[in-house]
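Asker: Read off the chains here:
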Amino acid sequence: MTTTAKLDVNNQDILLTLREFLQSVLQQNEISAILAPQRLPMKNVVMPVLITDPEQLNRADPLAPYFPLNAARLVTRLTRKPSGGKVAVVLRSCEIRAFIELVKLNQGQTDDIIIIGTDCLGAYSNTDYLKKAGDDPDAFTRRFCENALNSPNESVDDAELIPACRACEHPIPDGADLLIGLLGIDTSKQLLVRAQTLAGEELLVKLDLPTFEEPDARQKAVDALIKKRIDYRDRMFAATHEATDSLEKMTAYLAGCINCYNCRIACPVCYCKECVFVTDVFYHEPFQYLQWARNKGALKMPTDTVFYHLTRLAHISTACVGCGQCTNACPNDIPVMELFRMVSHRTQQAFDYEAGRNIEEEPPLSVFREDEFKDIVGI
Amino acid sequence: MDDFEPTIIAFVCNWCTYTAADLAGTSRLAYPKNVRLIRVMCTGMVDPQHVIKAFLEGADGVLVSGCHPGDCHYINGNYKARRRIKLLKEILPQFGFDEKRLRLTWIGASDGIQFAEIMRELVMQVKALGPSEARLKMVI
Ligand code: SF4
Ligand code: SF4
Ligand code: FES
Chain A
1 MTTTAKLDVN NQDILLTLRE FLQSVLQQNE ISAILAPQRL PMKNVVMPVL
51 ITDPEQLNRA DPLAPYFPLN AARLVTRLTR KPSGGKVAVV LRSCEIRAFI
101 ELVKLNQGQT DDIIIIGTDC LGAYSNTDYL KKAGDDPDAF TRRFCENALN
151 SPNESVDDAE LIPACRACEH PIPDGADLLI GLLGIDTSKQ LLVRAQTLAG
201 EELLVKLDLP TFEEPDARQK AVDALIKKRI DYRDRMFAAT HEATDSLEKM
251 TAYLAGCINC YNCRIACPVC YCKECVFVTD VFYHEPFQYL QWARNKGALK
301 MPTDTVFYHL TRLAHISTAC VGCGQCTNAC PNDIPVMELF RMVSHRTQQA
351 FDYEAGRNIE EEPPLSVFRE DEFKDIVGI
Chain B
380 MDDFEPTIIA FVCNWCTYTA ADLAGTSRLA YPKNVRLIRV MCTGMVDPQH
430 VIKAFLEGAD GVLVSGCHPG DCHYINGNYK ARRRIKLLKE ILPQFGFDEK
480 RLRLTWIGAS DGIQFAEIMR ELVMQVKALG PSEARLKMVI
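These protein sequence lines map, in sequence, to chains A and B.
FYI, the numbering for the first sequence is 1 to 379, going by this note's numbering.
FYI, the numbering for the second sequence is 380 to 519, going by this note's numbering.
Everything labelled a hint here was simulated from the structure, so no lab data went into it.
From the three backbone atoms N, C-alpha and C, an ideal C-beta is built for every residue, glycine too.
Any given hint might turn out to be false.
Claimed, not checked - Computed footprint of chain B on chain A, listed as stretches where at least three residues anywhere in the stretch have a Cβ under 8 Å from a Cβ of chain B:
(1) 5-14
(2) 184-190
(3) 324-335
Claimed, not checked - Each computed BS3-like pair below joins lysine-lysine, with the alpha-carbon atoms no more than 30 Å apart:
(4) A/K273 - B/K516
(5) B/K479 - B/K412
(6) A/K296 - B/K516
(7) B/K412 - A/K273
Unchecked claim - Simulated restraints, written as ranges between beta carbons of each label pair:
(8) A/I359 - B/D382: 54 to 64 Å
(9) B/E500 - A/I359: 44 to 54 Å
(10) A/N126 - B/H447: 17 to 27 Å
(11) A/L105 - B/E496: 41 to 51 Å
(12) A/D231 - B/S489: 54 to 64 Å
(13) A/D371 - B/M424: 15 to 25 Å
Given only the sequences and the hints, what does the whole structure look like? Please build it.
Answerer: Next comes the structure, spelled out in structure tokens:
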């Protein structure tokens, strides 16, 4: 059975080729709709759009370096119950990994979807993208890919990408049913299509694409990009550690936080239906505030800011996929992602776990064994 | 520093460690009053949040203590507690909390003497660490 094939690039235009490919997917009988990043008709922002009309795919733009939200939670909305059809969802690597974490928590399921992922070249901040893309966003996406794929050191020139993307060591969507490969491929001629699951293979057969051997150059390009990302990541960890390694420094790091909780709303893996921090538990009695103020002579309000972040770290750091949407959502420019990734890296390592790596791996705080961590017991 | 009296919050399970504390009491065994017991039905119900809150409120040490492996009245609550303490021991030290301030022990219902000894030892160790940063500084 074919597992790798190619998409011939139409008129040297990756974007056009991808749109035509998605149209051919939508034409398959069993596919009812495609959820894909699409440029909205009323403004040049790119949002996840659930598309049933193939015409609409002419504005699809899965490679736009714009990442206003992590769509994993939207996919759970489509899959928490059978929808009566099969939806192809076009997601970034971090969206797929977040979705896998949510599936593990029974908030979504994979039966009625087919996941399509392209090599992820990263994203700019929302405002940078809108400024740079200007009036011709198609041309901008093409220029961005061109630049990202052909910079001199065979990897991506990502100096202006958001830190989450620069530090992302998972640019390849390993969890996709169908992968569209760009790195290490001569994208003026073709794109790689690889089936990575049984469902992906079935679709690939139906699409009837010409077979294609994955070129050796691909692994090299992928490795080089990942290496660069890990180098950046480790520098980021070191700088964040330096900025937060005492309670005093950590409170300074979070000092601008106004407890708006946008970061948890934007976070795809903050899984609680109702967050305790927005319940009455934190609507303290007025006398309580005065009591706290008297304890140290001063009480910063709103209270419980560090408490909120530490609790979120305890609850979701083992599921954090490093998508950076927390930072993106913060009105006060607090580098939330940097903090969460630094801690997540440790907590995930401690449980030999990696968020989104494998749908079969149980979340660390949901399994317990008799013979483990004996060294932490005792005085 | 010599007259520093640490505050230690101990989450103890009803069936084992609390019973041991009770036994220590009825046996008139003295243990330091720095330890404030909070009785919970099982260590498996101690959310990381409770531990974090105790530290941010200025506790110099936090102890979670329950039944020995195999003895938990809810079968595996103590194993859950162990993973959560492991998790917190990865998170809190990154922000300057000494890992030794957070402890987990198993103290069975009949271990009254051991309970008193462990409390004395714990208080000594936390005393040696000095006051926690959260006790001294503003926490936002
Ligand atoms: S904590 Fe931030 S980086 Fe991690 S998954 Fe949530 S939004 Fe993404
Ligand atoms: S989005 Fe920013 S200001 Fe709002 S709660 Fe999160 S860190 Fe604080
Ligand atoms: S009942 Fe004692 S630890 Fe569970």
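Asker: Could you run down the list of hints and mark each one as holding or not?
Answerer: Consistency of the hints with the structure:
1. 5-14: violated (count 0)
2. 184-190: As far as the stretch 184-190 of chain A goes, the hint is violated, because 0 residues have Cβ atoms under 8 Å from chain B.
3. 324-335: Check failed, 0 qualifying residues.
4. A/K273 - B/K516: Distance ~34 Å between A/K273 and B/K516 Cα, so the pair is violated.
5. B/K479 - B/K412: Measuring from Cα to Cα gives roughly 20 Å; hence the hint holds.
6. A/K296 - B/K516: Roughly 8 Å between the alpha carbons, so the hint for A/K296 and B/K516 holds.
7. B/K412 - A/K273: violated, 41 Å
8. A/I359 - B/D382: 54 to 64 Å: Check passed, 56 Å falls within 54 to 64 Å.
9. B/E500 - A/I359: 44 to 54 Å: Roughly 45 Å apart at Cβ, these two residues keep to the hinted range, so it holds.
10. A/N126 - B/H447: 17 to 27 Å: violated, 54 Å
11. A/L105 - B/E496: 41 to 51 Å: holds, 42 Å
12. A/D231 - B/S489: 54 to 64 Å: holds, 56 Å
13. A/D371 - B/M424: 15 to 25 Å: Given about 23 Å between the Cβ atoms, the range holds.
Violated hints, in rising order: 1, 2, 3, 4, 7 and 10; the structure is consistent with all others.
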